[in-house]
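Colleague: Below, each chain spelled out in residue letters.
Number of protein chains: 2
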Amino acid sequence: MSGKTLRLHIPQWQGGNLEAYHFGAQLLAWLAPAATGPVATVEVAEPDGSGLSWEDGIVARSVLLKQLDRAAQVLRNETPDKVVVLGGDCLVDLAPFAYLNERYEDELAILWVDAHPDVMTPQQTAHAHAMVLGNLMGQGDANFTERVARPVKPERVMYAGLFDMSPAEWTTIERLGLRRATPSQLIDSSQPVIEWLRSIGAKHVAIHLDLDVIDPAQLRSVYFTRPDAAPDAFDGIPQGRMTVPQVVRLLNDVAEQVEVVGLGITEHLPWDAITIRDMLQALPLIGKG
Amino acid sequence: MSGKTLRLHIPQWQGGNLEAYHFGAQLLAWLAPAATGPVATVEVAEPDGSGLSWEDGIVARSVLLKQLDRAAQVLRNETPDKVVVLGGDCLVDLAPFAYLNERYEDELAILWVDAHPDVMTPQQTAHAHAMVLGNLMGQGDANFTERVARPVKPERVMYAGLFDMSPAEWTTIERLGLRRATPSQLIDSSQPVIEWLRSIGAKHVAIHLDLDVIDPAQLRSVYFTRPDAAPDAFDGIPQGRMTVPQVVRLLNDVAEQVEVVGLGITEHLPWDAITIRDMLQALPLIGKG
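Chains as they are written, first to last, in the numbering used here: chain S, 11 to 299; chain L, 11 to 299.
Just so you know, these hints were derived from the structure itself, not from any lab. Some hints could be false.
Partial pick of chain L residues on the chain S-facing surface, computed with a CB cut under 10 Å [stated by the list, open to error]: (1) Leu-219; (2) Ile-247; (3) Gln-249.
Distance ranges between label pairs, derived from CB positions [what the hints assert, rightly or not]: (4) Asp-288/S with Glu-156/L: 36 to 42 Å; (5) Pro-43/S with Gln-83/L: 32 to 38 Å; (6) Gln-83/S with Ile-197/L: 18 to 24 Å.
As the structure is a computational prediction, the values presented were derived from the model and not from experiment. Glycine is no exception: its CB is placed at the ideal position from the N, C-alpha and C atoms.
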């Protein structure tokens, strides 16, 4: 199958409550290879430093739902066979992956390549980007789950690169029986993931790639390397342990076995580029300095 | 004076013998505020992985001279009053600053904001980007110095952010009597630079900003943070110690005293962006994976 591949830009930042996601999405789009099919951008309110509101347990609930509906509308209009999503925060994959599970009639497999499980609920966080995979499986806040027409079956979901999480998250992934391959299990081989794909008879897979699955010593454009963070700001929070070559090998091994129909690249936070952009704007002759 | 400001893109990489400068220049141009005047790009051979030749003491001597002549031609054609240069390696400032010293009739002051003095000769290095300030003062290889119609007088040059260098470089800057303000002298005040500008009666200044003057803990898109370097690869080589706010304050303090007629931003090496670009190209669905 080749089919129509939609490139979908979603510069969403409110799901992680961090303005830098918006610029990170623009730079990610600039860095990406040219699209081979149609390109669409979901309208996202530009950050203006004014902050976001807590709305019944979720920061920016109403604007996130609005953007979610816009993404779903683009997907309905374009009816692609495959979708490349360039985020934005992790939540950007909610509408596209929900669309793909409809498109492939409940048979979509999801490989979640991430240092975090993204199955939190408003009881554990106010940031919707940490809830997205739960929502895709019909778990969590009703405003979000009701927008997933066909929830993805937990047995068709696997994590790659996940190795630790909070007690509440452990409880959830054990309750749902979600498979996982840790970074150490994926150092030399993609076998755990390939075996899972075979075991469920997967034909179509959507891959969520949160860039924070990569070791920040290799890629410093991620959440945990923000240059203004206190040294202990992220104590206890798992940070990525995979290398870029391991991620590339894993995704290509998967693509040899099953059709990759979805790929979301998320959580790009290019701190250096932001530093340089802001500095140039403040200098004489070139900026407003 | 307002006058005509030329934005000059020079994606030169051969002066530092590192292909990444070429991409760094493109990203720098993308990050910069919109130009207020004409924009020109100096044609530079695209890197293709084939390497460069040592030519009588200088790597890529002939192509560097060709690009230097092209830059000078653009400047002659445009005859701007001011120039913003977006590099590329440090050598990109040779033609523009030489042009400005002609334009301002030997009265240009040069502030060299850099962790390195850039006064080497082919006896000390084969990389022309480490020779550029020497060349501007008429020092060094004849092929380069003969292209500087009016050498800049050493008393009209000052360093900011320089704090250590090789014995040969010390000898040169002491022989020429070049002023300098170390990072520690510039922490809270731009006074050493302001006093120098007053002492020489400067009216027009060109500022060379090598991004490696900034502490790599603040800005990791510089030479010394390349992710594939061995831990001891840069032992003994000075790395920047200024902060971004200090650089911004210094340049704006200078601009309050004298007219900034030249600004070159150089040595942008966005390793993370390169990593992500290459990774996306290698992934299934979005790239050639």
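Colleague: Provide an ascending list of the numbers of those earlier hints which the structure does not satisfy.
Modeller: 2, 3, 6
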